Amino acid sequence: MTDERRGAVEAVDSVLVALADPTRRRLLDLLAAQGEATATTLAERLPVSRQAVVKHLTVLDTAGLVSGRRVGREVRYAVRPAALDATARWMAALATDWDRRLANIKRVAEAADRDSH
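For the numbering used here, add 39 to where a residue sits in the sequence shown, where the first one is 1.
Hints may contain errors.
Distance ranges between label pairs, derived from CB positions [to be verified]:
| no. | residue 1 | residue 2 | range |
| --- | --- | --- | --- |
| 1 | R65 | A121 | 18 to 26 angstroms |
| 2 | L55 | S106 | 13 to 21 angstroms |
| 3 | A151 | E75 | 52 to 60 angstroms |
| 4 | R64 | A132 | 18 to 26 angstroms |
| 5 | D124 | R84 | 24 to 32 angstroms |
| 6 | A150 | D100 | 48 to 56 angstroms |
SDA-like, lysine to any residue: derived pairs with alpha carbons at most 25 angstroms apart [stated by the list, open to error]:
| no. | residue 1 | residue 2 |
| --- | --- | --- |
| 7 | K94 | A117 |
| 8 | K94 | R64 |
| 9 | K94 | A71 |
| 10 | K94 | R109 |
| 11 | K94 | A59 |
| 12 | K94 | S53 |
| 13 | K94 | E83 |
| 14 | K94 | G74 |
| 15 | K94 | K145 |
| 16 | K94 | V110 |
| 17 | K94 | A122 |
| 18 | K145 | S155 |
| 19 | K94 | A132 |
| 20 | K94 | A72 |
| 21 | K94 | A131 |
| 22 | K94 | R65 |
| 23 | K94 | E49 |
| 24 | K94 | S106 |
| 25 | K94 | E75 |
| 26 | K94 | V54 |
| 27 | K94 | L123 |
| 28 | K94 | R108 |
| 29 | K145 | T135 |
| 30 | K145 | A132 |
| 31 | K94 | T79 |
| 32 | K94 | T62 |
| 33 | K94 | R119 |
| 34 | K94 | D124 |
| 35 | K145 | H156 |
| 36 | K94 | A151 |
| 37 | K94 | V51 |
| 38 | K145 | L123 |
| 39 | K94 | A121 |
| 40 | K94 | R112 |
Simulated from the structure, these hints should not be mistaken for lab results.
The model shown is predicted, which means the values in this text are computed figures rather than measured ones.
Cβ coordinates follow ideal geometry from the N, Cα and C atoms, glycine included.
Starting from the given sequences, assemble the full structure and let the hints guide the process.
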């Protein structure tokens, strides 16, 4: 596996791990709806502490799904769609590959059925 391919796989793995948690998915939903928010603002909308929100945002940031920028004393977070787009492309390619495999199986089964009659 090339270094580039390995990096792409690791990026997808990181996104999938980040998205596995329902609180992180909710954070992404909130940020997508609001555009930008602080950890404090986000914690007000969730049943977890601000510290827990910060930890979840760190995981999302590491996966490339959000970014934070300092504005005065606050850190404002926003969604970064590129990592999610790359993961969606990977999933679409995987689905296409499986569709191709299933079509081959169907073709072989139909040919075997025709040959047996």
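Verification of the supplied hints:
1. Checked against the hint of 18 to 26 angstroms, the C-beta distance between R65 and A121 comes to roughly 21 angstroms, which is consistent with it.
2. The given range of 13 to 21 angstroms is respected by L55 and S106, whose C-beta atoms sit roughly 19 angstroms from each other.
3. At roughly 58 angstroms, the beta-carbon separation of A151 and E75 lies within the given 52 to 60 angstroms, and the hint holds.
4. Between R64 and A132, the C-beta spacing of about 23 angstroms keeps the proposed range 18 to 26 angstroms intact.
5. Roughly 25 angstroms separates the CB atoms of D124 and R84, a value that falls within the hinted 24 to 32 angstroms.
6. Between A150 and D100 the CB atoms are about 52 angstroms apart, so this pair conforms to the stated range of 48 to 56 angstroms.
7. Taking the CA atoms of K94 and A117, the gap is about 15 angstroms. The hint holds against a cut of 25 angstroms.
8. Note on K94 and R64: the hinted pairing holds, with a Cα-Cα distance of about 13 angstroms set against a maximum of 25 angstroms.
9. Restraint check for K94 and A71: satisfied, since their Cα atoms lie roughly 19 angstroms apart, inside the 25 angstroms limit.
10. As the CA atoms of K94 and R109 are separated by approximately 17 angstroms, the hinted pair is consistent with the 25 angstroms bound.
11. In summary, the hint linking K94 to A59 is supported, as the alpha carbons are separated by about 15 angstroms, within the 25 angstroms threshold.
12. Note on K94 and S53: the hinted pairing holds, with a Cα-Cα distance of about 15 angstroms set against a maximum of 25 angstroms.
13. For the proposed pair K94 and E83, the alpha carbon gap of about 15 angstroms is at most 25 angstroms, so the pair holds.
14. Note on K94 and G74: the hinted pairing holds, with a Cα-Cα distance of about 20 angstroms set against a maximum of 25 angstroms.
15. Among the hinted pairs, K94 with K145 is inconsistent with the structure: their alpha-carbon atoms are about 47 angstroms apart, more than 25 angstroms.
16. Proposed proximity of K94 and V110 is supported: the alpha carbons are some 19 angstroms apart, at most 25 angstroms.
17. A hinted pair counts as satisfied when its Cα atoms are at most 25 angstroms apart, and K94 with A122 qualifies at roughly 19 angstroms.
18. For the hint pairing K145 with S155, the CA-to-CA distance comes to about 15 angstroms; that is within 25 angstroms, so the pair holds.
19. For the given pair, K94 sits about 32 angstroms from A132 by alpha-carbon distance, which is inconsistent with the 25 angstroms threshold.
20. Of the supplied pair hints, the one linking K94 and A72 holds, its CA atoms being roughly 21 angstroms apart against a limit of 25 angstroms.
21. Only pairs whose Cα atoms come within 25 angstroms are accepted, and K94 paired with A131 is rejected, the gap being roughly 30 angstroms.
22. Our distance criterion of 25 angstroms between C-alpha atoms is met by K94 and R65, whose separation comes to about 14 angstroms.
23. Taking the CA atoms of K94 and E49, the gap is about 20 angstroms. The hint holds against a cut of 25 angstroms.
24. For the proposed pair K94 and S106, the alpha carbon gap of about 13 angstroms is at most 25 angstroms, so the pair holds.
25. Using a Cα cut-off of 25 angstroms, the hinted pair K94 and E75 holds, with the two alpha carbons roughly 17 angstroms apart.
26. This hinted pair checks out: K94 and V54 have alpha carbons roughly 15 angstroms apart, not beyond 25 angstroms.
27. At roughly 19 angstroms between alpha-carbon atoms, K94 and L123 fall within 25 angstroms of each other, so this suggested pair holds.
28. As the CA atoms of K94 and R108 are separated by approximately 16 angstroms, the hinted pair is consistent with the 25 angstroms bound.
29. Note on K145 and T135: the hinted pairing holds, with a Cα-Cα distance of about 15 angstroms set against a maximum of 25 angstroms.
30. A C-alpha spacing of about 20 angstroms is found between K145 and A132, which places the hinted pair at or below 25 angstroms, so the restraint holds.
31. Of the pairs offered as hints, the one joining K94 and T79 holds, with about 12 angstroms between alpha carbons and a cut-off of 25 angstroms not exceeded.
32. Distance hint between K94 and T62 is fulfilled; the C-alpha atoms sit about 11 angstroms from each other, no more than 25 angstroms.
33. A hinted pair counts as satisfied when its Cα atoms are at most 25 angstroms apart, and K94 with R119 qualifies at roughly 17 angstroms.
34. For the suggested pair K94 and D124, the alpha carbons sit about 23 angstroms apart, so the restraint of at most 25 angstroms is met.
35. As the CA atoms of K145 and H156 are separated by approximately 17 angstroms, the hinted pair is consistent with the 25 angstroms bound.
36. Using a Cα cut-off of 25 angstroms, the hinted pair K94 and A151 is violated, with the two alpha carbons roughly 56 angstroms apart.
37. A C-alpha spacing of about 20 angstroms is found between K94 and V51, which places the hinted pair at or below 25 angstroms, so the restraint holds.
38. As the CA atoms of K145 and L123 are separated by approximately 33 angstroms, the hinted pair breaks the 25 angstroms bound.
39. The suggested pairing of K94 with A121 holds, with an alpha-carbon distance near 21 angstroms, which does not exceed 25 angstroms.
40. A distance of roughly 18 angstroms separates the Cα atoms of K94 and R112; the hinted pair therefore holds under the 25 angstroms criterion.
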